[in-house]
Structures are given as C-alpha cells and as structure tokens.
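Trainee: What follows is the residue order along each chain.
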Amino acid sequence: MQDIWILVVVSLFALSSSALGSFLVVRQMVMLTDTLSHSILPGIAIAYIVQGEKNNLFILIFALLCGLLIVSIINWLNSRIRNRNDAVLGSVYTFFFAVGIILVTLFGEQADLDTDCVLFGEMLYIPFDTLDWAEMPRNFPLALVVGIGVLFFVWKSFRPLSIISFDETFAQSIGVNVTFWNYALTSLVTIVTILSFEIVGSVMVVAMFAFPPAIAFLLTKRLQIMLIISLIVSIFSVVIGYYFSVWQGGSSAASIVIVQGIFFMLSVIFNKVGFINKIKI
Amino acid sequence: MLSKNKIVLQAKNLQVCYGNHQVLKDFSCDLPEGFMIGIIGANGSGKSTFLKAIMRIVPVDSGEVLFWEKYNLQEVRHQIAYLPQRNSVDWDFPATVLDVVLMGLYKETGLFGKIRPKHKEKALFYLEKVKMQDFAQKHIAELSGGQQQRVFLARAFAQEAQLYLLDEPLAGIDAVTEEIIVENLQKLNSEGKTIVMVHHQIDTISEYFQYLLMIRQGEVITSGETKEVLTNENLQQIYGIKQAFVIQ
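Residue numbers (full-length UniProt numbering), protein chains in the order written: chain L, 1 to 281; chain V, 1 to 248.
Keep in mind the hints are simulated off the structure, nothing from the lab.
No residue lacks a Cβ here, since even glycine has one placed at the ideal position from N, Cα and C.
Misleading hints may appear alongside valid ones.
Straight line, CA to CA, 27 Å or less: simulated DSSO-like cross-link-like pairs of lysine-lysine [claimed, not checked]:
#, chain 1, residue 1, chain 2, residue 2
1, V, LYS129, V, LYS187
2, V, LYS70, V, LYS25
3, V, LYS6, V, LYS25
4, L, LYS156, V, LYS6
5, V, LYS114, V, LYS70
6, V, LYS70, V, LYS118
7, V, LYS138, L, LYS156
8, V, LYS187, V, LYS122
9, V, LYS70, V, LYS12
10, V, LYS187, V, LYS107
11, L, LYS156, V, LYS122
12, V, LYS129, V, LYS107
13, V, LYS129, L, LYS156
14, V, LYS138, V, LYS107
15, L, LYS156, V, LYS107
16, V, LYS107, V, LYS70
17, L, LYS156, V, LYS118
18, V, LYS187, V, LYS120
Some chain L residues judged to face chain V by a derived CB distance under 7 Å, without partners named [said to hold, decoys possible]:
#, residue
19, ASP34
20, MET136
21, ARG138
22, LEU142
23, ARG159
24, PRO160
25, ILE163
26, PHE166
27, THR169
28, PHE170
29, SER173
30, ILE174
31, GLY175
32, THR179
33, LEU219
34, LYS221
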C-alpha cells in the first residue's frame, strides 16, 4: 500500500506538470520551472525567519507568494525586453537565489535545509506523513485537487492557450487577452512547481515539466496528441522509475529522471532515423 | 454594405515609441473603403508598426484610430483580419495546416467551443482557395515559405472580415505563390472588401494597388490614388535616395 500511495501522489504531480509543461516546451519556456524551483529560496527563508520554526504550510504560502512575485517580474521583464527570455530567466534566477543565500547566511541558525531533500525531495516519506483525520498521505488531497484543477484548466483553455503559443500576435489581433492567459499559465506552473518541489526535489521538478512534453513533441505533429502522449509518458516513467529504484536501492526521483532521459534519447534517435515519423498518429 | 470611398480607417496623430526610439511620429491618414491599398516605404519606416498600432499589438503612446469613421477597435474587431509576418511564428510548432486555418474560425467556434465537422469543411474551403487543400493534414514544418504564407492567408480568409491588414504577404515567395495570393486578394477586393497591405516591390505597385500610403521615418509623406501619387519624386523621398525610378 505504501508503494501505491507514493505512485499515486507522484503520478498526480507528474500529470499536472506534463500537461502544463507541454505549453512551456512549445513556447521554449521550460526553464521557467528551474528558475522558480531555485528562486523561491527567499520565500522559504523569510517563512523561517518570521515563524521561527519549521511549519510546512507557512513555508508553502511564502514560497507561493515568492513564486508568484517572480513570475510577475519575469512576465514584466519579457514584455520590456523582447525575445530574450533566457537572459531574463537567468538574471531573475540568480538574483533571487542570491537574495535567498544572503537571508539563509544571515539568519542561518534557524534554517534546517537538507541538501539531499532539496535536490531529490522526500518521495519515500509520502506514506508516513499522514493526515490526522484520515489514513491517507497529507500530500494526497492537495495533489488530487491540483491534478484535477490543472487538467480541467488545460482541457477548457486548450484553444486560447494553443493560439497564443503558436502566434501571440494573431491572438492579440483577435482580442485574446494574452497577458491574462500568460499569467494564468505561469501562475499554475508556479503552484505545481512549488507543491512538487517538496516531494520530488528541485532536479526532478524540472524533469517532470520538460521530459514528457519533449518526448511527445518528437512523436507527433499535433498539440492535442502531444498533450496525451506527454501524460502517458509521465505516468509510465514514474512507475518504471520508481520500481527501478526499489530494485536497485537508489534515489526514486533520480531513477524516474533517468527513465525519462532514456525515453527521450530513444525518441530522438528513432525520430532522427525516421522511424517515428512514419507512425501515423 | 458600406459605400465605396467611405473612410475605412482613420488614424489621428498616432505616436508609437520602442524605448527611446520614436517609430510613428504624429502619424495621420484616412484610408478609403473598397480599395487595394499599399503601404510603401523603406525598411524601418514604420509600416509594420502602423498595422500593429492599429490592432493595439504594440502600445500606442498617443493618438486615435477610428474604423468606418466612428467605431473603435473593440467594436469592430471581428470585422478586421490581421495577417502578421510569416517569420513571427515558430513553424516547428506541433500543428497541422488545418489546425492553423481553424484558428481563423474563432468567430464561429468561440475560444472555448468545440471544432465540428462543418468548421473543418469551412477551413478546407479556404485552403482550397489558396490551392493548399492537399496539405491539410501535413505538419506546418513540412511547408515551404510560400506554402506557409498561403496557409496564413487561408487563416485570414477564414476570418471573413471586411478589412484585411496584411503585413508583407508577398515577402520571400515564388512567382506562382504571388500570383495565387494576389488573385485571391483582388477577388476579395472585387467583393467590396478593403485590403491594406505592406508592400516592398516597386515594380508591382501600380499593378496591385489603387491607393497608396507612402511613409518615411514614421511619418506620412503622402497618400492618394496610385496614379496620382506614384511619382519619381515621391519614391525618391520615401526611400531617401537621389536616383530616379523608371515608372511604367
């Protein structure tokens, strides 16, 4: 049962991230998740300083607020500095990370930051951190609500999101509120990144957004199909990667990333030789 | 139907800046309805920015744009089709030719509505107009530059507008594609639609356009019927060169 809880919770986050990640990949914005996963450090540090003790909910709220602030700054900078998204992400990422480091250095006595947890998360603790009122992991209701919410959002908003992702200028010309949709997408990315961060760590959170959509991108010529393949790949890689880690005894998050990496390389190789291109989807 | 020679687009003292650089300076013009209108000028003179300013794609610092003499953009947006430059999008995007044309049918489908067989039929009808119906299921990355332009044009046609604002639809395409595009635009024009088009090829100006808007460095040099304003002096002025052109 413990394995099942881990797989269910991680799969729900994997579904959310791969659905949103599909739009990030086609817009070449996937490194936004890397920026977010590192630059929320000031939010976490401030939560420690204000609260004085480790309180997950408090940290989560501060990290979310910090993430939304960072996304607003990124969106604003992108509107001012056109076509330099990588430079914007790199600058914001390092600036906020540096602010976080200074806060941790100044008030570090109260901080309890475990590098392993930050990198690879606490996936194996999922079944042991249960709710007071029910025999289920604390993260499960949150993962379920976020998963359903994200999939519903992507399903209902598919057309405006796809039009904006392909041709923002045309979208503006027909009256689509591009700013609203950009904020909606990036805010959801922020929420999923921060919620996943605790469970899967800063490395895998990026992989969950990047790998399944990138694999799907190589396998199809339609965004709808890309989304579906991306969701399937995300579940498969979680299941295979998790049981691989159980078998060989290593980190579950790292194993999942390795499985995704292998899937990705296979799609690149077979796509290059034209094998996948011949499949009619 | 609005009568010919009514003003379809009126720009009053438009000012647009990119940072410290003023792209449109006190830009005013009246464009008549029912014409094929060419916007001509040197690179960087503000032709594309003018179209983007009309559609509020770039922020306008000051000035006003009126459509059909009294309406603002929000009131008549659905009557206007804007065709951006082909290189403004990523053609590796996962979409088929049909998907792109279906984007132009948003008036019927709504932004959240379902695509139904009748919408696909309509999209195919417009693809047929630009002789691209056989490419409907192809990935857009497989198209040549001219074919991409035709797909963009089919999407604009699918919008079934009264006013078409086209940003360099004839740039970088072969003679066959140019002929197909111009034929379609002239047909639309003969049905009473107004075509406003950024154009670069001097040798075809008099053939394609009945009315010209001539721009230099963000300012209107002159505008009027082609036979009146297409003079060597005006061309020299907008392109900023001393040599005279031979106008056929």
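Trainee: Each hint: holds or not?
Mentor: Hint check:
1. Pair hint LYS129 (chain V) plus LYS187 (chain V) holds up; C-alpha atoms about 11 Å apart against a cutoff of 27 Å.
2. A threshold of 27 Å between alpha carbons decides the hint, and for LYS70 (chain V) with LYS25 (chain V) the separation of about 23 Å falls inside it, so the pair holds.
3. A threshold of 27 Å between alpha carbons decides the hint, and for LYS6 (chain V) with LYS25 (chain V) the separation of about 25 Å falls inside it, so the pair holds.
4. Taking the CA atoms of LYS156 (chain L) and LYS6 (chain V), the gap is near 42 Å; set against the 27 Å cutoff, the hint is violated.
5. This hinted pair does not check out: LYS114 (chain V) and LYS70 (chain V) have alpha carbons roughly 34 Å apart, beyond 27 Å.
6. This hinted pair does not check out: LYS70 (chain V) and LYS118 (chain V) have alpha carbons roughly 35 Å apart, beyond 27 Å.
7. Restraint check: the Cα-Cα separation between LYS138 (chain V) and LYS156 (chain L) comes to about 26 Å, which is no more than 27 Å; the hinted pair holds.
8. A hinted pair counts as satisfied when its Cα atoms are at most 27 Å apart, and LYS187 (chain V) with LYS122 (chain V) qualifies at roughly 18 Å.
9. Note on LYS70 (chain V) and LYS12 (chain V): the hinted pairing holds, with a Cα-Cα distance of about 13 Å set against a maximum of 27 Å.
10. Proposed proximity of LYS187 (chain V) and LYS107 (chain V) is supported: the alpha carbons are some 22 Å apart, at most 27 Å.
11. Simply put, LYS156 (chain L) and LYS122 (chain V) have alpha-carbon atoms about 23 Å apart, close enough for the 27 Å limit, and the pair holds.
12. The suggested pairing of LYS129 (chain V) with LYS107 (chain V) holds, with an alpha-carbon distance near 20 Å, which does not exceed 27 Å.
13. Taking the CA atoms of LYS129 (chain V) and LYS156 (chain L), the gap is near 32 Å; set against the 27 Å cutoff, the hint is violated.
14. The straight-line distance between the Cα atoms of LYS138 (chain V) and LYS107 (chain V) is roughly 24 Å, inside the 27 Å bound, and the hint therefore holds.
15. Between the alpha carbons of LYS156 (chain L) and LYS107 (chain V) the distance comes to roughly 17 Å, so the proposed pair stays at or under 27 Å and holds.
16. For the proposed pair LYS107 (chain V) and LYS70 (chain V), the alpha carbon gap of about 22 Å is at most 27 Å, so the pair holds.
17. Restraint check for LYS156 (chain L) and LYS118 (chain V): satisfied, since their Cα atoms lie roughly 21 Å apart, inside the 27 Å limit.
18. For a cut-off of 27 Å, the pair hint linking LYS187 (chain V) to LYS120 (chain V) stands: about 23 Å separates their Cα positions.
19. Contact between ASP34 (chain L) and chain V, as hinted, is not supported at the beta carbon level, the nearest pair being about 21 Å apart and thus beyond 7 Å.
20. With a least beta-carbon distance of about 34 Å to chain V, the hint placing MET136 (chain L) at the interface is violated under the 7 Å criterion.
21. For the restraint placing ARG138 (chain L) at the interface with chain V, the shortest Cβ-Cβ distance is roughly 35 Å, beyond the 7 Å limit, so the hint is violated.
22. Checking LEU142 (chain L) against chain V: minimum C-beta separation of about 27 Å lies over 7 Å; hint violated.
23. The interface hint given for ARG159 (chain L) is met, as the beta carbon of that residue sits about 5 Å from the closest beta carbon of chain V, less than 7 Å.
24. The interface hint given for PRO160 (chain L) holds, since its Cβ lies 5 Å from the closest Cβ of chain V, which is under the 7 Å cut-off.
25. Hint on ILE163 (chain L) holds. Least Cβ distance to chain V is approximately 5 Å, under the 7 Å limit.
26. Given hint, PHE166 (chain L) at the interface with chain V, holds; its Cβ is 5 Å from that chain's nearest Cβ, closer than 7 Å.
27. A cut of 7 Å between beta carbons decides the hint on THR169 (chain L): the least distance to chain V is about 4 Å, and the hint holds.
28. Interface restraint check: PHE170 (chain L) against chain V, minimum CB-CB distance 6 Å, threshold 7 Å, status holds.
29. Against a cut-off of 7 Å between C-beta atoms, the interface hint on SER173 (chain L) holds, since the closest Cβ of chain V lies about 4 Å away.
30. Checking ILE174 (chain L) against chain V by beta carbon gives a least distance of about 6 Å; that is within 7 Å, so the hint holds.
31. For GLY175 (chain L), the interface hint holds, the least distance from its beta-carbon to any beta-carbon of chain V being 5 Å, beneath 7 Å.
32. Given the 7 Å rule on beta carbons, the hint for THR179 (chain L) is violated: about 12 Å separates it from the nearest Cβ of chain V.
33. Violation of the interface hint for LEU219 (chain L) is found here, the shortest Cβ-Cβ separation to chain V being roughly 10 Å, above the 7 Å cut-off.
34. At about 4 Å, the closest approach between the beta carbon of LYS221 (chain L) and any beta carbon in chain V falls short of 7 Å, and the interface hint on this residue holds.
The earlier numbered hints that this structure contradicts are 4, 5, 6, 13, 19, 20, 21, 22, 32, 33.
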